[in-house]
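Colleague: Chain A is fixed; fit chain B onto it per the hints.
Protein chains: 2
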Amino acid sequence: MMLTYPIFADWIGCIQCGDTKMPDYLSLLSTGARKVRPSELRELMKIIERPDMVSFAGGIPDPGLFPRAAYDECYRDALSVLNAPRSLQYAATEGYLPLREWIAEQMRSKGLTCTPDNILLTSGSQQGLELIGKLLINKGDRVCTSRPTYLGALQAFTAYEPAFDEVTGGSRDSSAKLLYVVPDFANPSGETMSAPERDALVSRAHRENSIIVEDAAYSSLRFEGADLPPIAALDVSLSGSIDTCRTLYCGTFSKTLSPGVRVGWVCGPRDLIGRLTLLKQGADLHSSTINQIATLGVAKACFEEHVTMLRGVYRARRDAMLIALSRYAPEGTAWTRPEGGLFIWLRLPQKVDASALFEEAVKRGLAFVPGAAFFPDEAERNTMRLSYSLNPEPVIDDGIRRICELISAAGDNGYARAS
Amino acid sequence: MMLTYPIFADWIGCIQCGDTKMPDYLSLLSTGARKVRPSELRELMKIIERPDMVSFAGGIPDPGLFPRAAYDECYRDALSVLNAPRSLQYAATEGYLPLREWIAEQMRSKGLTCTPDNILLTSGSQQGLELIGKLLINKGDRVCTSRPTYLGALQAFTAYEPAFDEVTGGSRDSSAKLLYVVPDFANPSGETMSAPERDALVSRAHRENSIIVEDAAYSSLRFEGADLPPIAALDVSLSGSIDTCRTLYCGTFSKTLSPGVRVGWVCGPRDLIGRLTLLKQGADLHSSTINQIATLGVAKACFEEHVTMLRGVYRARRDAMLIALSRYAPEGTAWTRPEGGLFIWLRLPQKVDASALFEEAVKRGLAFVPGAAFFPDEAERNTMRLSYSLNPEPVIDDGIRRICELISAAGDNGYARAS
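Here the protein sequences come in this chain order: A and B. The opening position of the first sequence corresponds to residue -16 in our numbering, with each subsequent residue numbered one higher. The opening position of the second sequence corresponds to residue -16 in our numbering, with each subsequent residue numbered one higher.
I should point out that these hints are in silico values taken from the structure, not numbers from a laboratory. Keep in mind that the hints are not guaranteed to be accurate.
When chains are identical, the list treats them as one kind, so a pair holds in a single copy or across two.
[As the list claims (entries may be wrong)] Okay, derived cross-link-like pairs now, BS3-like style, lysine-lysine, Cα gap no bigger than 27 Å in a straight line:
hint, residue 1, residue 2
1, K122, K346
2, K18, K334
3, K334, K346
4, K334, K122
5, K93, K283
6, K93, K4
7, K18, K122
8, K18, K283
For reference, chain A alone in the conformation it holds in the complex (with noise of 0.2 Å):
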């Protein structure tokens, strides 16, 4: 899992050479990095994945449901003799043009009107997220964010030392640089912004000169209702041209197709796309090659349907968990209702702690997310994410049964919030 590392405070100090005196490390990091801890999450993901337990934690798609032989056959194809010599080598920076142009025919479908040169290939959205905060945020510089958010993001961004901010209410005194939303079944909380919230945020950054941040990673996952339109095909309406407009558009093919490919994208502005394709040459000269070639290969041969077959399966899983989650949770409980992607988020009565109750859940085989992680600053903790992403439905309805006996029995037995 994507959230496991060396620790780094159970070893300071424990190591002395004779007479070499270990060096202070610590002083010699810049600012921005001390400011990147380790987040609750690490040690729960050790936890997390053992084969023994029935996890509501990972928001990742099911390993079951990969387009494998769409892969293998593109692999093969893009290493044959004639392929390979480009496959395996160096590549532009900005990424493969075919993909791109993909892409962009995959955006004017969702009424964002640009061409390829709007878009920069990235390795995942999360490095998307990472090249814009490099690109705009300088210390200090207010970065809005809902709350909860993705806890990614507030990595990528921390190392540039924002002030972070709540993109609804909270002041508006001074303006925001960044805004940065997850509109459609947000991570973590499975909401989506309304129509005329997309539109308040446009005006928002037309009139406080922001850059909007729209992370559209589960965009594509939807079960039911209408599409809304993208923030950024607002946003190219408001100001006349993709090239003059204040938002950058995070996609990714991870929750489509793989996220151990890391293919992602930037779309926005040529002048912003153009200056990320500087600071990404950078950080990694280009995303890899082969995988650019094999994901457009797999998405030309079965995207659609691929994506119709996962909104399918994920619907009926939510729908499991939505039931469940009426049949046993305990009152004071209440849960969003989400159109798509992958998570629920839920608010337990204000007494429970959900980092306490998980460790009750763990003894017991049963994982989630508590939901103190998300927040940016001071955390509601008697929240938790629950993804019903990797689980068949009879194993959602017995989990969630389980969680909320814990819950029910949680004022009873000790894990009561603290304060």
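Modeller: Here is chain B on its own, set in the frame of chain A:
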């Protein structure tokens, strides 16, 4: 090629959309991003890519030599029904453990005592440089490099706004935060640091409380002479342990197996590796899972024999270029004699501007890289980088002959140095 991107300057100010004003994007950029500028190489690379060109420009492996069959087999294996669920899924930020074990064994065989916990997998060694810049550089920190030096290192570090200085000579009054070197067959100079120079660098890092960045991109491509110990190994000896040393070793499979898979690594003290892992998590979550798995397969299948083959081929091409230079180069020209790697560095008579010479050369279907791009500060414009990696010996002989004719004529033909 890696050095192309949309042209920023050409576009600014050319779009007017009715009444809508274009945002002043420049005013929104971070101070670091403003400092990252297109290099001179950009336009050159477009020309160099023309198929009719005899190019000594690209510092890239011969694509005809990639271990295609081994990759084909390893991707098939990674995409088997059994393995695909893992290969296409998210993975740990620090990298695929069996690959880190293989790399740690490689490192130990070079005298660098380490374990997989000392290894972070990166998307090429370029990402290693970027993450190290982010980890350590505060605005104004002194970063010392050779002159000339690897352009990509300058690009990676520049966004963090250091003050660049020369690693040898120059002022030693204040200590350096980072000492960046390519000790073996450097890009672009082809030169190799001697054992005493390596020892002196380690002593200096200890004295000045600096971190050494050892860019070992070409180290496996030695054609002759004995391997010198990695700087990291010397540092480990002095420090008593890798976990108390001051060197971050950046390795890559780009020059040995394939650059298109983007698999490199950083090897260093666990403390710093842990911090770099956190930064990488924010930067792109992890490097491509399938590429790490396939790369391990190829490395296990044929690393040593493949690299032995490469050494033989590149050695013969180096020899052809050295012979051609000694045969055709006019008086006042000097060049390095690399013991490995891909590059020869040519110093022209003082009055010749290699950029002007380049324009004449491309008219005749010949390309090289004018040396100016490789200087962090005032450029020595009478220099060029020649790569012998891409052409067979007869083409090298003929191309060098024609370039030397141009050099000989330079003084008489108006493309002399302007100043």
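Colleague: Now look at each hint and say whether the structure bears it out.
Modeller: Results of checking the hints against the structure:
1. K122 <-> K346: neither (43 Å within a copy, 48 Å between copies)
2. K18 <-> K334: Neither, since 30 Å and 50 Å both go past 27 Å.
3. K334 <-> K346: For K334 and K346, only the intra-copy Cα distance (21 Å) is at most 27 Å; the inter-copy one is 77 Å.
4. K334 <-> K122: neither (36 Å within a copy, 45 Å between copies)
5. K93 <-> K283: within (17 Å within a copy, 45 Å between copies)
6. K93 <-> K4: For K93 and K4, only the inter-copy Cα distance (25 Å) is at most 27 Å; the intra-copy one is 59 Å.
7. K18 <-> K122: both (12 Å within a copy, 16 Å between copies)
8. K18 <-> K283: For K18 and K283, the Cα distance exceeds 27 Å both inside one copy (42 Å) and across copies (39 Å).
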